[in-house]
Amino acid sequence: MKNFQRYVSRFIIRIIIPGFFIGLFLTLPVKALNIKVVPAEISVNFGYHGSTLTVTGQGKDLNDLVIKVSNPSHDVELKYMDKVGGIFWMKKGMLKFLNLPGVYMVFSTAQLNKIISDKTRLEQGIGYEDLLKSAKILDSQGKEADKKWLKDFLSLKEHEKLYIIEEGTIKKTKGQAEDSFQLSFKWPYQAAPGKYEIKIYALKDGNISDSATASIQVTRTGLVAAVSEMARDHAALYGLMAIVIALAAGLLVGVIFKKGGEGGH
Amino acid sequence: MYIYLPIALTSVNFLVVTGLGLAVGLLSGLFGVGGGFLMTPLLMMIGIPPTIAAATDANQIVAASASGSFAHWRLGNVDFKMGLFLLVGGFAGGAGGVQLIKFLRAQGGADFLIKMTYVVMLGLVGSFMFIESLHALRKSKKTASQKDTTSHVTEKKKKGLLASLPLQVYFDKSKVTHSAIIPMVLGIFVGVLAAVMGVGGGFLMVPVMIYLLRMPMHVVVGTSLFQILFTCIEVTFLQAYSNHTVDFTLALLLLVGSVFGAQIGTVLGRKLKGDQLKIMLAVIVLAVTVKIVLELVLQPSFMLALSGGH
Numbered sequence: 001m002k003n004f005q006r007y008v009s010r011f012i013i014r015i016i017i018p019g020f021f022i023g024l025f026l027t028l029p030v031k032a033l034n035i036k037v038v039p040a041e042i043s044v045n046f047g048y049h050g051s052t053l054t055v056t057g058q059g060k061d062l063n064d065l066v067i068k069v070s071n072p073s074h075d076v077e078l079k080y081m082d083k084v085g086g087i088f089w090m091k092k093g094m095l096k097f098l099n100l101p102g103v104y105m106v107f108s109t110a111q112l113n114k115i116i117s118d119k120t121r122l123e124q125g126i127g128y129e130d131l132l133k134s135a136k137i138l139d140s141q142g143k144e145a146d147k148k149w150l151k152d153f154l155s156l157k158e159h160e161k162l163y164i165i166e167e168g169t170i171k172k173t174k175g176q177a178e179d180s181f182q183l184s185f186k187w188p189y190q191a192a193p194g195k196y197e198i199k200i201y202a203l204k205d206g207n208i209s210d211s212a213t214a215s216i217q218v219t220r221t222g223l224v225a226a227v228s229e230m231a232r233d234h235a236a237l238y239g240l241m242a243i244v245i246a247l248a249a250g251l252l253v254g255v256i257f258k259k260g261g262e263g264g265h
Numbered sequence: 001m002y003i004y005l006p007i008a009l010t011s012v013n014f015l016v017v018t019g020l021g022l023a024v025g026l027l028s029g030l031f032g033v034g035g036g037f038l039m040t041p042l043l044m045m046i047g048i049p050p051t052i053a054a055a056t057d058a059n060q061i062v063a064a065s066a067s068g069s070f071a072h073w074r075l076g077n078v079d080f081k082m083g084l085f086l087l088v089g090g091f092a093g094g095a096g097g098v099q100l101i102k103f104l105r106a107q108g109g110a111d112f113l114i115k116m117t118y119v120v121m122l123g124l125v126g127s128f129m130f131i132e133s134l135h136a137l138r139k140s141k142k143t144a145s146q147k148d149t150t151s152h153v154t155e156k157k158k159k160g161l162l163a164s165l166p167l168q169v170y171f172d173k174s175k176v177t178h179s180a181i182i183p184m185v186l187g188i189f190v191g192v193l194a195a196v197m198g199v200g201g202g203f204l205m206v207p208v209m210i211y212l213l214r215m216p217m218h219v220v221v222g223t224s225l226f227q228i229l230f231t232c233i234e235v236t237f238l239q240a241y242s243n244h245t246v247d248f249t250l251a252l253l254l255l256v257g258s259v260f261g262a263q264i265g266t267v268l269g270r271k272l273k274g275d276q277l278k279i280m281l282a283v284i285v286l287a288v289t290v291k292i293v294l295e296l297v298l299q300p301s302f303m304l305a306l307s308g309g310h
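Sequences listed follow chains E and G, in order. Residue 1 is where the first sequence starts when you use my numbering, and the numbers rise one by one after that. Residue 1 is where the second sequence starts when you use my numbering, and the numbers rise one by one after that.
One or more of the hints may lead you astray.
Quick look at which bits of chain E chain G covers, simulated, 3 or more residues with Cβ under 8 Å [said to hold, decoys possible]:
hint	stretch
1	86-99
2	228-242
Partial chain E-side listing against chain G, Cβ under 7 Å, derived [claimed, not checked]:
hint	residue
3	H49
4	L78
5	M81
6	Y128
7	L132
8	L154
9	Y189
10	L251
11	V253
12	G254
Computed from the model, here is a short list of chain G residues facing chain E with C-beta under 7 Å [said to hold, decoys possible]:
hint	residue
13	A8
14	A63
15	A66
16	F91
17	G123
18	S127
19	F130
20	F230
21	I233
22	N243
23	H244
24	V246
25	V293
26	L296
27	L304
Hints listed in this document are in silico derivations from the structure and should not be mistaken for laboratory results. Small disclaimer: the values here were computed from a predicted structure and weren't measured. C-beta: ideal position from N, C-alpha, C; glycine also.
With the sequences and hints as input, model every part of the structure.
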């Protein structure tokens, strides 16, 4: 009897339990779409002038694709220009733009309005129209300001290369088992250090059939990190250092020129 | 070759920035101006945020004016006594000006006042210097003896009122006698304007020394640089400490160009006549005035802008 109980418990431990987990794993939906971003970390060092990001990945029966790059939304304060006395253009007052990302880029395989339904676009916040719907503008008194400023906000951000919409830039390649995609784009040096999300949407009949997410980290390193930390954490020392080095440089060149002048006589 | 600026959070071309430093340093050595009224708008044009452009500019002027002051001191062109009186007034005026601009910003409409001060002051100074120098250049073609007699008579008339003031001091380097109150009051006036306009005040101090204090041109340049050096040391420290807006990397790049520019300017200045120097400075000041007027009346390309600056 004892032997029978031993056999049953061994059967449960060695066969049933592992079998259950193997079965569970096999029944889980297979992640068809994957995404990889190179480089995943961008070092902002002394010679930094932006970077080039390459997004690649594979998926089964890929139709149209959309890639969205953004960071968490935050509030931005900007001054607005207006005419004073009907003649002079001046920075007149402050506007606070609420709930907008610092970086917002959308890339796709084709024209957005042809590959994605309005409902999905709105749900996922793809495209400027939908992004701006959730935005709010307040004036210096805290009252809601005219939405017309959002257009100017977009112009400024596009000029800074922080907001981009580029349609037809993702390249797809058909494969035997899986299709692959590739996108290369310039990462602007104007983008502040921080974490950015890169999300790919696979689309079918205007709706999302699959999605995958990757992220990149932009970090200050080396001398850039040291200088910015010193300016923030040891402001007095930083100010004194800036003065002393400027004085020393000015006087050193003065002495060099003096020596040069003496040599000439 | 690009360099990333840790405080401005932007990337700039090394050659463009050092080139700007060289050009403005050249003006500094030539005319005794810090170049703030030129450098700050130029930095903004290459994408530096306004507040950082203004603060960093003060830092690089420390280097340029130290280099220029040293060169002029060697040539015996610095009137330390006069510089000290101007500096005392300038510090007091600068502190008062900072408070004035704080008050105006709180009330709103400070930007309008700043812009209009720029246009009026630059326009007046530039036009006056231009006309006066042109007049002097034309006069110099006539006989020298005739000119000397006329200027002597005018000088005596103008000195009448100023000579009646107390605390008369002889400034041996400038070879003029003034009441100590005059340079201090002028220093306060320039200090207030400099704080309101966010510049070192050299372009205002130079005409003040030439036309009101009647100092010789070569001493004016050296003394102005000496005064600017201390004003900008104060501004750099305050900006770095209170606002964290001094980009030391950018200042280093600018000063690489400006310290050499200041030396070249000093040497070049010795080869030019005083009136030629004045007319050149007048043209530059008027050109900046025209640029500001155009900015004021033409519709800007962007209706939104970062806060700070002018």
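Now for the hints, and whether the structure bears them out:
| no. | hint | result |
| --- | --- | --- |
| 1 | 86-99 | holds (count 9) |
| 2 | 228-242 | holds (count 10) |
| 3 | H49 | 4 Å, holds |
| 4 | L78 | 5 Å, holds |
| 5 | M81 | 5 Å, holds |
| 6 | Y128 | 16 Å, violated |
| 7 | L132 | 14 Å, violated |
| 8 | L154 | 10 Å, violated |
| 9 | Y189 | 4 Å, holds |
| 10 | L251 | 6 Å, holds |
| 11 | V253 | 4 Å, holds |
| 12 | G254 | 3 Å, holds |
| 13 | A8 | 10 Å, violated |
| 14 | A63 | 4 Å, holds |
| 15 | A66 | 3 Å, holds |
| 16 | F91 | 16 Å, violated |
| 17 | G123 | 15 Å, violated |
| 18 | S127 | 20 Å, violated |
| 19 | F130 | 24 Å, violated |
| 20 | F230 | 11 Å, violated |
| 21 | I233 | 5 Å, holds |
| 22 | N243 | 9 Å, violated |
| 23 | H244 | 5 Å, holds |
| 24 | V246 | 6 Å, holds |
| 25 | V293 | 9 Å, violated |
| 26 | L296 | 5 Å, holds |
| 27 | L304 | 5 Å, holds |
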